[in-house]
Amino acid sequence: MSYDATYTKELPLVPERNSFKEIDDVILKPVDSKPTKKWWIAISISGTALAIGLFCWTMTVLYGIGLWGNNNTVAWGFDIVNFVFWIGIGHAGTLISAILFLFRQKWRTAIARFAEAMTIFAVLCATMFVALHTGRPWLDGYLFPYPNQNAIWVNFLSPLNWDVFAVNTYFIISFVFWTIGLIPDFATMRDRTKSGIKKIVYSVLSLGWSNSNRNWQHYERAYLILAGISTPLVLSVHTIVSFDFAVSILPGWHTTIFPPYFVAGAIFSGFGMVLTVMIFVRKIFDMEHIITLDHIEKMNKILLATGTMVGYAYGMEMFMAWYSGYIFEQFTFLNRAFGPYWWAYWIMVACNVGFPQLFWFKKIRRSIPIMFILVLLVNVGMWFERFVIIVTSLHRDFLPSSWAMYYPTIYDFGILLGSFGLFFTLILLFVRVLPSVAISEIKAVAPGAQPSHKHEGGSH
Amino acid sequence: MIKKIVNIFKKVNEDQNPWKDEKSDKVYAVAALFNTPDEIIHAAEKVSNSGYNDFDVNTPYPVHGMDDAMKLKPTRLGWFSFALGLTGTLTALGMIFYMNGIDYNNIIGGKPFFNFPSSVPVTFALTILFTGLTTVGVLIALFSKLPWLNNPLLDSEYSKATSQDKFGIYIKSTDSKFNQSEIETMFSSLGSSAVSLIYDSKVNEKKIKTPIFETGFIKILIGVGVGTAVITYFTLNWVIFQMPFDWMVIQPKVLPQEKSKIFADGFGMREPVPGTVARGFMPYEYKGMPDSLVKLLANPLPVNEKTLLTGQKRYDTYCSPCHGNYGKGDSRLRGQFPNPPTLMSEKVLNWTDGNIYHIITNGQNVMASYAKQISRDDRWAIVHYIRALQRSQNAKDSDLN
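As given, the protein sequences belong to chains P and Y, one line each in that order. Be aware that the first sequence starts at 0, since it is given in numbering that gives the first Met the number 0, and climbs by one per residue. Be aware that the second sequence starts at 0, since it is given in numbering that gives the first Met the number 0, and climbs by one per residue.
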């Protein structure tokens with residue numbers, strides 16, 4: 000892990016080395032104390048959304064996806080829009096926990112655990128959509144290659160099958176990465192708790208971890224390896240998601256810019272969502288001193304950078320459509336910007352490219368209310384980006400006789416709402432039962448946490 | 000088993016580690032706590048330089064330079080990850096090669112059944128999956144020897160302090176140089192804030208070297224695994240045939256012969272709308288008329304091998320059971336049915352083609368119409384074939400030329 004003694008600015012509450020106990024206390028306060036009123040209000044809202052979603056979910060399972068707005072022409076609607084949206088959100092978590100770790104960005108420590116949890120929950124939401132959109136979700140076992148009575152294997156030439164592997168690997172690896180980080184924290188919780196049941200649970204979860212240096216030595220290497228493999232993984236996942244589109248021959252989808260464009264968009268939307276949630280959580284759990292304004296400002300800078308990259312991709316798509324001289328491609332892009340879905344296109348451009356430019360100003364990067372509005376717009380904009388890519392490309396393709404419009408139904412909206420409910424409910428439960436900041440990691444970067452004398456060295 | 004669980008809860012109420020056996024009198028280790036990372040590094044250097052081997056350091060987080068101070072060899076974990084990651088690569092390639100390249104070929108746009116580029120994404124994902132899972136598995140089971148819930152250290156004041164803000168070091172009694180009082184004085188002279196003794200739990204430590212490979216644990220693991228698999232299998236097999244998982248057996252449609260409430264008469268099957276004409280249907284103008292009126296019809300088909308062969312096929316299928324293979328009326332049906340007449344009679348020999356066609360199409364007395372079974376062209380082909388039969392059965396010398 001990365002250690003640094005210049006962490007003072009980010010940790011004003013615990014400025015002295017001997018107050019590690021205070022770090023424990025602050026981080027574990029939500030876990031140790033009874034839920035506050037703020038928390039109950041939050042969970043009742045997210046729980047309601049989840050209940051609405053569950054209702055629509057059940058109806059879809061019972062009566063089939065005819066309840067949705069998808070039609071012959073626009074065969075992919077909200078289901079895939081939301082899938083890509085949620086998978087993208089997950090990417091910020093891995094970026095923070097793995098890529099920033101490799102780049103030795105110490106400020107990531109305060110938000111890494113939280114962002115990883117978001118990754119896991121977002122991928123759960125995403126898989127829910129693909130699982131459901133197959134129509135008969137109880138047969139989804141056939142997505143995996145297993146020896147079956149029909150003697151059929153899955154088709155490895157299909158990007159949709161690559162997706163199955165990519166998304167599942169992504170979920171498993173993120174989950175493992177996250178749990179490995181939790182083991183030392185469980186040990187700390189085990190040694191602090193006074194309650195019998197909690198003691199049993201934490202003892203089992205910590206696997207009997209004793210903070211031995213002979214274990215830490217291997218642990219650190221394992222952490223580095225996991226960060227090292229998560230980095231290409233996170234880049235590959237959205238690349239493969241983009242293949243779902245790019246490998247087809249549909250104008251507006253069939254383009255080589257998709258992989259980098261999707262990855263940049265994923266990080267952009269992910270950071271938007273991390274910030275949205277973080278702004279709430281640090282308020283609800285009084286963690287303003289651990290997740291500081293400095294962290295948030297750094298994340299806003301990343302938003303600015305990735306938002307601009309996405310803007311470049313929008314421009315480049317337009318340019319390539321014109322430069323290709325291919326009339327179907329040209330039509331698709333004109334239709335996107337000025338056709339019946341013009342409003343979706345311009346919402347996307349405004350929210351993703353326009354408004355984030357305000358982050359050039361330091362005042363705005365550090366102002367919670369303005370930034371909150373901006374990150375909400377980013378979330379909206381990135382949702383619309385997927386909507387624009389999927390619906391506007393499909394609704395008018397080569398055959399004018401099959402052109403159609405897409406009208407989502409109340410069930411589409413219900414399931415979308417439900418996915419937000421699921422996501423926020425899981426987040427709220429997570430911050431209550433698990434340490435939402437990695438305790439052992441934050442201790443390691445606290446001032447004076449590392450030896451000052453000349454014996455220093457070793458394999459870091 | 001139940002006693003064990005009860006014991007676990009009892010101990011928890013006494014604020015003890017529930018997995019630790021009764022404490023024995025045997026000293027497990029001498030442990031010392033320090034307040035700063037500098038002190039602990041110093042202590043670790045001192046201990047390792049004094050020739051102790053069975054010692055360990057406990058810190059709330061990894062301390063820089065500790066591996067060197069303890070003279071630990073660099074970890075070999077990475078090699079395991081690498082090797083098992085490669086296994087993932089090969090597994091994926093082998094799997095795709097066998098599944099799509101050999102066992103189940105998909106024809107997609109004429110592409111090769113197995114090809115490398117399209118195998119890359121899955122291979123990549125599985126490589127990472129294998130690397131990640133094995134790294135973690137090897138870390139826990141092999142390198143950290145976890146889970147080790149009855150570790151004698153756990154739940155001691157020493158251990159509780161080191162998981163929060165103190166830095167601890169302990170030397171085990173199994174060390175060849177172990178001498179309790181000597182070590183205690185050494186720790187005090189190093190400036191330790193607290194020196195304490197840690198007692199062994201009754202379980203011999205040797206037996207739990209790698210607890211994950213213990214037979215008891217493995218048995219439980221296998222038991223749980225098999226149990227879950229069996230239960231899942233039977234539950235799933237039951238669940239997937241409950242509503243709403245009807246496997247599309249229940250469909251809101253009317254099958255032949257079924258009732259339907261939609262129609263006033265309650266029949267699901269409907270008569271065609273009056274005047275409906277089936278595809279390809281041509282009305283027959285002499286329908287139901289005596290054959291004397293049918294003289295004008297001419298055979299539209301040319302006489303050639305193809306029509307004759309079609310005619311033969313159709314004749315053998317539809318006509319020979321009654322009229323016999325050569326049209327002599329000598330089929331085995333004779334005597335069981337109004338005897339089918341021979342087609343070699345003067346009457347038929349003198350008929351026009353149209354007359355024979357009329358009989359096939361319209362039927363005659365007991366012989367039913369064959370218009371529904373045999374298409375128009377095939378009926379004319381049969382007529383040609385009957386003509387050929389008639390000639391062959393009454394052949395003249397001149398026919399041989």
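Just so you know, the hints here were simulated from the structure itself, not pulled from any lab data. None of these values were measured; they are calculated from a predicted model. Just to be clear, a hint being listed does not mean it is correct.
[Stated by the list, open to error] Not everything, but these chain P residues come out facing chain Y in the computed CB check (under 7 Å):
{"id": "1", "residue": "20"}
{"id": "2", "residue": "151"}
{"id": "3", "residue": "209"}
{"id": "4", "residue": "308"}
{"id": "5", "residue": "310"}
{"id": "6", "residue": "443"}
[What the hints assert, rightly or not] Chain Y is nowhere near these chain P residues, computed Cβ spacing over 12 Å in every case:
{"id": "7", "residue": "130"}
{"id": "8", "residue": "135"}
{"id": "9", "residue": "292"}
{"id": "10", "residue": "297"}
Note that the Cβ used here is the ideal one computed from N, Cα and C, for glycine as well.
Here is what the structure says about each hint:
1. Against a cut-off of 7 Å between C-beta atoms, the interface hint on residue 20 of chain P holds, since the closest Cβ of chain Y lies about 5 Å away.
2. Of the supplied interface hints, the one on residue 151 of chain P holds, with its beta-carbon coming within about 6 Å of a beta-carbon of chain Y, less than 7 Å.
3. Contact between residue 209 of chain P and chain Y, as hinted, is supported at the beta carbon level, the nearest pair being about 5 Å apart and thus within 7 Å.
4. Residue-level restraint check for residue 308 of chain P is violated (minimum Cβ-Cβ distance to chain Y is 23 Å; threshold 7 Å).
5. Checking residue 310 of chain P against chain Y by beta carbon gives a least distance of about 28 Å; that is not within 7 Å, so the hint is violated.
6. Because the smallest distance between the Cβ of residue 443 of chain P and any Cβ of chain Y comes to about 4 Å, under 7 Å, the interface hint for this residue holds.
7. Here residue 130 of chain P stays apart from chain Y, with its beta-carbon at least about 14 Å from theirs, past the 12 Å limit.
8. Once the 12 Å rule is applied to beta carbons, residue 135 of chain P is inconsistent with being away from chain Y; the minimum gap is 8 Å.
9. With 12 Å as the threshold on Cβ separation, the claim that residue 292 of chain P sits away from chain Y holds: the shortest Cβ distance comes to roughly 25 Å.
10. The beta carbon of residue 297 of chain P sits about 23 Å from the closest Cβ of chain Y, which is more than 12 Å, so the claim that it is off the interface holds.
Violated hints, in rising order: 4, 5 and 8; the structure is consistent with all others.
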